[in-house]
Every structure is written in structure tokens, then in C-alpha cells.
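Residue numbers (UniProt numbering), protein chains in the order written: chain A, 1 to 206; chain B, 1 to 206; chain C, 1 to 206.
Since the hints were made in silico from the structure, they are not lab data.
Glycine included, C-beta positions come from ideal geometry on N, C-alpha and C.
Check before you lean on any hint, since a few could be wrong.
Restraint-style ranges between C-beta atoms, simulated for each label pair [as the list claims (entries may be wrong)]: (1) A/Ile163 / C/Ser200: 54 to 64 Å; (2) B/Met185 / A/Pro54: 57 to 67 Å; (3) A/Asn25 / C/Ser200: 40 to 50 Å; (4) B/Lys109 / C/Lys79: 13 to 23 Å; (5) C/Thr113 / B/Phe73: 16 to 26 Å; (6) A/Ile76 / B/Leu90: 32 to 42 Å; (7) B/Asn137 / A/Thr113: 31 to 41 Å; (8) A/Glu166 / C/Thr113: 34 to 44 Å; (9) B/Lys109 / C/Ile87: 44 to 54 Å; (10) C/Leu110 / A/Asp111: 48 to 58 Å.
Part of the chain A face toward chain C, derived, beta carbon under 7 Å [what the hints assert, rightly or not]: (11) Ala78; (12) Tyr112; (13) Val116; (14) Pro195; (15) Val196.
With a straight-line cut-off of 30 Å between C-alpha atoms, the simulated DSS-like cross-links for lysine-lysine are [what the hints assert, rightly or not]: (16) B/Lys79 / B/Lys191; (17) B/Lys109 / A/Lys109; (18) C/Lys109 / C/Lys191; (19) C/Lys109 / A/Lys109; (20) C/Lys191 / B/Lys79.
Now for the letters of each chain:
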Amino acid sequence: MLTYIFVIAITAEAMSGALAAGRRNMDLFGVALIAFITALGGGTVRDMLLGNYPVTWTQHPFYIYITIGAGLFTIIIAKYMRKLNRIFLLVDAMGLVAFTIIGCNVAMKLDYTLPVVVMAGIITGIFGGILRDIMCNRTPLVLRHELYASVSFIVANFYLLLIYFEVDENLTLVLPFIVGLSLRMAALKWKWSLPVFTYSPDRWDN
Amino acid sequence: MLTYIFVIAITAEAMSGALAAGRRNMDLFGVALIAFITALGGGTVRDMLLGNYPVTWTQHPFYIYITIGAGLFTIIIAKYMRKLNRIFLLVDAMGLVAFTIIGCNVAMKLDYTLPVVVMAGIITGIFGGILRDIMCNRTPLVLRHELYASVSFIVANFYLLLIYFEVDENLTLVLPFIVGLSLRMAALKWKWSLPVFTYSPDRWDN
Amino acid sequence: MLTYIFVIAITAEAMSGALAAGRRNMDLFGVALIAFITALGGGTVRDMLLGNYPVTWTQHPFYIYITIGAGLFTIIIAKYMRKLNRIFLLVDAMGLVAFTIIGCNVAMKLDYTLPVVVMAGIITGIFGGILRDIMCNRTPLVLRHELYASVSFIVANFYLLLIYFEVDENLTLVLPFIVGLSLRMAALKWKWSLPVFTYSPDRWDN
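Turn these sequences into a full structure, and let the hints steer you where they fit.
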């Protein structure tokens with residue numbers, strides 16, 4: 001099941017990448033590349049960080065095709081994207097949860113300690129979006145808007161708690177989705193966000 | 001022969017990096033670093049992605065010296081760069097083709113599948129320029145201007161086709177250069193570019 | 001001793017990251033992440049580049065906690081940071097020297113050649129700050145301001161020279177700190193900086 005959700009998730013992430021590329025007037029190639037990086041960049045950074053070679057997508061050419069395909073397809077349906085907004089945000093939230101769980105699993109299989117497992121989950125969850133924003137020359141949105149990265153953090157910890165208490169395997173997968181999706185959707189609806197830190201000195205640090 | 005072209009290519013890439021650093025008023029150290037990253041960053045990302053350790057340039061100190069040297073030398077000759085523009089663009093295009101072919105070779109030697117080999121070629125070809133632009137805080141040019149990344153894509157596929165049909169070894173090397181250079185030079189001359197995707201909603205995605 | 005200084009240094013770097021995040025109005029999560037990346041990003045890039053797995057911080061959860069803790073703590077004491085400016089700059093300079101030496105040591109242990117050892121030292125010293133600036137969407141300051149990256153370069157070479165001449169072990173550690181700190185503090189006081197390369201053509205390179 002996680003694999004199916006993963007494929008849906010990378011499709012959604014690829015589309016979000018394509019739209020960001022469109023805001024920067026990139027050409028077809030740029031759209032395809034940003035879509036690919038947004039969808040698979042988080043997992044790639046995680047794999048490189050944990051020394052988990054070969055990097056996952058290099059063993060699944062299908063992931064390359066689906067993300068590039070989704071990116072280019074987005075160009076065609078871009079004008080309907082506003083109407084699809086709600087579905088899109090839901091799929092994106094599913095992706096965030098799926099990515100986080102998969103990231104935790106990878107790190108656990110490699111016997112990393114708990115804090116690293118949590119970090120691996122978060123990195124898988126949010127780094128695709130961070131790379132997207134870096135490549136589109138804007139400050140990463142996931143670090144500023146409605147609860148997003150925090151959802152990944154909570155899901156990772158909740159998931160590990162369920163594993164620790166040896167909860168039924170299906171529940172261990174389903175519950176984080178329920179918690180993560182509810183939290184993210186509620187955050188979007190009621191504009192929940194973390195406190196923001198604003199700092200504006202004249203000039204002093206290097 | 002590929003090695004000679006590679007050295008010429010990293011020199012050209014280093015110079016392009018130095019000029020980008022100059023536009024951001026960087027100091028000598030910044031110029032040297034950006035030159036180095038522009039020239040060798042693509043191969044570095046490829047090596048780290050494919051798990052191809054040790055990373056190539058760490059085994060060839062000469063590459064470090066030549067790129068840093070070329071970067072600093074660019075400061076001296078910057079005022080003549082406009083006159084050298086045409087030569088520069090030609091050498092840059094040679095670099096793009098050489099990088100792409102070398103990237104494909106590295107991935108093939110590690111037994112990656114075809115789509116990954118193509119990706120490795122493209123990444124080697126264009127990621128130096130992408131890193132340069134990220135470090136100089138601008139949207140990557142290679143994803144927006146006249147055919148550039150696409151040339152890398154076409155060269156990679158053409159090169160693999162020649163290998164597949166077991167074409168004579170020299171031709172397998174020479175033909176991609178002819179195709180790649182012609183295409184890139186034609187694109188520059190007649191301003192060929194891929195269709196651009198422009199997307200400008202009010203605000204809706206995360 | 002180097003370990004103590006390292007912990008102090010990552011604390012200082014984390015704080016500098018948190019302040020940069022504050023300038024971009026990031027939320028608590030963003031502050032924590034940027035603090036973490038600023039403090040440990042340089043070593044991470046070095047480890048990934050040299051194939052030094054597992055990456056250092058993954059084996060020391062304490063480093064994760066201290067950097068994130070320091071980042072969040074910075075929010076509380078931000079208003080006093082201007083008064084602490086001088087101490088902060090001193091600690092930051094200590095960090096630069098400590099990071100550089102540690103980076104050199106890691107590369108030497110892996111039997112890399114001298115130029116790579118120097119590069120590893122510099123990367124460890126300055127890449128945390130570069131990643132911080134990239135993630136906060138600004139041109140890396142370390143490549144533009146008062147001698148900073150150059151201090152790392154000089155310290156790395158000086159340190160290797162002391163090792164080459166088999167100077168007493170304690171001196172080999174203390175002298176680079178004296179040289180590095182003096183140089184950095186003098187650069188800050190008298191506004192020493194490297195010559196800047198300014199290049200502003202109309203438009204010509206790719």
C-alpha cells in the first residue's frame with residue numbers, strides 16, 4: 001500500500017515542482033528537471049546522507065518517467081489547477097506522510113539511532129520541496145507557512161512510538177496517515193502555523 | 001582525446017563561474033570557489049549520486065589547480081571577454097558534450113540502467129552551471145535559455161544509440177560532438193529554445 | 001580539547017543560522033533546521049564528498065540536540081545579540097579554525113592527497129555558512145566580506161606545514177588557533193578583505 005501512495009505522492013510533488021518552475025518561466029526541460037528533483041530529491045538527499053547506495057530512484061526507472069511525465073502533464077492542466085487545489089493539497093499531504101514513513105524505514109533498516117531515523121523521515125518528507133525552492137531561487141516555503149515540516153516531525157515520532165509499542169502492523173501504517181492528514185488539513189483550514197521568528201538588525205553578524 | 005577536451009572544458013566552465021561570481025562582486029576567494037564548483041560540481045554531484053567513490057577530482061589535484069587558476073586568470077582578462085564571446089561559447093558547448101559523454105561512461109561502468117545513464121550524462125553536463133547559479137543566487141540559466149540542457153539530453157541518447165549499434169569507436173566519440181556542437185551553435189544563432197511554461201496564479205500551492 | 005571547541009563552535013554556528021532564518025521570518029521549525037544545517041552542514045558535505053560514511057553527526061545525536069537547542073535558544077536572546085556581538089564573532093572565528101582543522105584531519109585519515117586535505121578543511125570551515133545563505137536565499141556572505149574563507153585556507157595550510165615539520169603536537173593545535181583568530185579579528189577590526197572582482201556586462205555568457 002505504501003508503494004501505491006508513494007507513486008501518487010511523487011506525482012503530486014512533481015506537479016508542485018512543475019508549477020514552481022512555471023512561475024520562473026522555465027522551459028520544458030527546466031519543468032521536467034524541477035519536477036523530478038521536487039519528487040525524488042528528498043529521498044536522494046536521504047540516501048546520500050545515510051550512505052544508502054544505490055540511491056532508490058536509480059533502481060526504479062519508472063520513478064524517473066512518472067515524475068517527468070507528471071511535470072510535463074502539469075503544463076497542459078495548469079489552468080485547471082486552481083479548481084483542483086483542494087485535491088492537490090490532500091495528495092500533497094499524503095505524500096508528506098508517506099515520504100516521512102518511508103524515510104524512517106530506510107534509516108531503521110540501516111540501524112541508525114532514533115534521532116537520525118526521525119531526521120531521515122523529515123528530510124525525505126520536506127527536502128524535495130526545499131530543493132525545488134532553492135532551484136527556483138526563493139526562500140523555502142516549507143519553513144515558513146502553515147504547519148508542514150512540523151507535520152513530518154510529528155508523524156515520524158508518532159510512527160516510531162507505534163513501532164516501539166508493537167502496535168498491529170496495519171494500524172502502525174494507517175494511524176500516522178490519519179494523524180498527519182488531519183493535522184495538515186486542519187492547519188490549512190484554520191491557518192495554524194508555528195510562531196515565526198523575526199529578526200532585523202542593522203548589520204552585525206558575518 | 002576526451003581527456004584533452006575535458007581539461008579545455010573545465011577551463012571554460014571555470015571561467016563562466018568566475019564571471020558569474022564577478023557579477024555578484026565576490027572576492028578572489030569567492031571567484032576561485034565558484035570557478036571550481038562550476039567546473040567540477042557536475043561531476044561531483046554525479047559521483048555522489050551514483051556512489052562513485054572516490055569522487056573524480058579528489059584523485060586529480062591538477063583539476064583543482066586548473067579550475068582555480070582559470071577562475072583567477074579570468075579576472076585579468078575579463079575586459080576582453082566580450083570579444084572572446086564566440087570562442088567562449090564554442091568551448092562551453094564542447095564542454096557540455098564532453099561532460100555528457102563522460103557522465104554516461106561513468107554510469108555505464110557502474111552498470112546502471114539506461115535511464116540512469118542518461119540522467120548521469122545530463123547531470124554531469126548541466127549541474128555545474130546549476131550550482132554556479134544557486135551559489136550566485138539566481139535562477140539557473142540552463143533551464144531557461146537557448147537549448148542547452150536539451151543538447152545534453154540529445155547527445156546522451158545519441159551516444160548510447162551509437163554504442164548500442166556498435167558503431168566504430170572513434171565515430172561514437174566524434175559524431176555526438178558534431179551533433180551536439182551543431183545543435184547548440186544553431187540554437188544560439190537562431191535563438192532556438194524550448195517552449196516556456198509560464199504560470200502565475202495568485203497563491204494556492206504550498 | 002578540539003572536541004570542546006567543536007561543541008562551542010557548532011553552538012555559535014547554529015546561532016548564526018538561527019539569526020539568518022529570523023531575517024527571513026521563518027517559523028520555529030525553519031529556525032531549528034537552518035541552525036542545524038549551518039552548524040553541521042559543512043562537515044556533512046565533507047563526509048559525503050570524501051565518502052566518509054557514516055556521516056559524523058549521525059553517530060552523535062548530541063550534536064543534533066545542541067544545534068537545534070542553540071537555534072531555538074537564539075530566538076529568546078536575539079535582542080541581546082548586538083551586545084554579545086564581539087563575543088559571538090570571536091566564538092565564530094574559533095569555530096572556523098576548529099572546523100578547518102577537523103576537516104583536514106578527516107581527509108588525512110582517509111589518505112587523500114594534500115590539495116584534497118586543504119579543500120576538506122575549507123569545505124568543513126565554510127560550507128555550513130554557504131548552505132545557510134543558500135537556504136535563506138542570499139548570496140553567500142563568506143565569499144564577499146572580511147577575510148573569512150581565506151582564514152580557513154591559511155589555517156589549513158599552516159596546520160599541514162606544522163604536521164609536515166613534526167612540530168610538537170600541542171603546538172600544532174594551538175598555533176593555528178593563534179594565527180587564525182588573530183587574522184580574523186584583525187580583518188574584522190581593520191576591515192581587511194580580499195580584492196573584489198566586479199563584472200557587469202550587458203549580456204553575453206550563457
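Quick rundown of the hints versus the structure:
1. Against the hinted window of 54 to 64 Å, the Cβ-Cβ separation of A/Ile163 and C/Ser200 comes to about 57 Å, which satisfies the hint.
2. At roughly 37 Å, the beta carbons of B/Met185 and A/Pro54 sit outside the given window of 57 to 67 Å.
3. Between A/Asn25 and C/Ser200 the beta carbon distance is about 23 Å. The supplied range of 40 to 50 Å is therefore violated.
4. Checking the proposed 13 to 23 Å range against B/Lys109 and C/Lys79 shows it is violated: the Cβ atoms sit about 57 Å from each other.
5. For the hinted restraint 16 to 26 Å between C/Thr113 and B/Phe73, the CB-CB distance of approximately 23 Å keeps it satisfied.
6. A C-beta distance of roughly 37 Å is found between A/Ile76 and B/Leu90, which places it inside the suggested range of 32 to 42 Å.
7. At roughly 36 Å, the beta carbons of B/Asn137 and A/Thr113 sit within the given window of 31 to 41 Å.
8. Between A/Glu166 and C/Thr113 the Cβ separation comes to about 51 Å, which falls outside the hinted range of 34 to 44 Å.
9. Separation of B/Lys109 from C/Ile87 is about 52 Å and conforms to the stated range, judged on CB atoms against 44 to 54 Å.
10. Between C/Leu110 and A/Asp111 the CB atoms are about 22 Å apart, so this pair departs from the stated range of 48 to 58 Å.
11. Taking 7 Å as the C-beta contact cut-off toward chain C, the hint placing A/Ala78 at the interface is violated, the least distance being around 25 Å.
12. This hint holds: A/Tyr112 has a C-beta 6 Å from the nearest C-beta of chain C, less than the 7 Å allowed.
13. The criterion of a C-beta within 7 Å of any C-beta in chain C is met by A/Val116, whose closest approach is roughly 5 Å, and the hint holds.
14. Annotation: A/Pro195 was flagged as interfacial toward chain C, and the flag holds, the nearest CB pair being 6 Å apart, inside 7 Å.
15. Satisfaction of the interface hint for A/Val196 is found here, the shortest Cβ-Cβ separation to chain C being roughly 5 Å, below the 7 Å cut-off.
16. With a C-alpha separation of about 25 Å, the suggested pair B/Lys79 and B/Lys191 falls inside the 30 Å cut-off, and the hint holds.
17. For a cut-off of 30 Å, the pair hint linking B/Lys109 to A/Lys109 stands: about 28 Å separates their Cα positions.
18. Distance hint between C/Lys109 and C/Lys191 is unfulfilled; the C-alpha atoms sit about 36 Å from each other, more than 30 Å.
19. A threshold of 30 Å between alpha carbons decides the hint, and for C/Lys109 with A/Lys109 the separation of about 28 Å falls inside it, so the pair holds.
20. A hinted pair counts as satisfied when its Cα atoms are at most 30 Å apart, and C/Lys191 with B/Lys79 qualifies at roughly 28 Å.
Against the hints set out earlier in the document, violations occur for numbers 2, 3, 4, 8, 10, 11 and 18.
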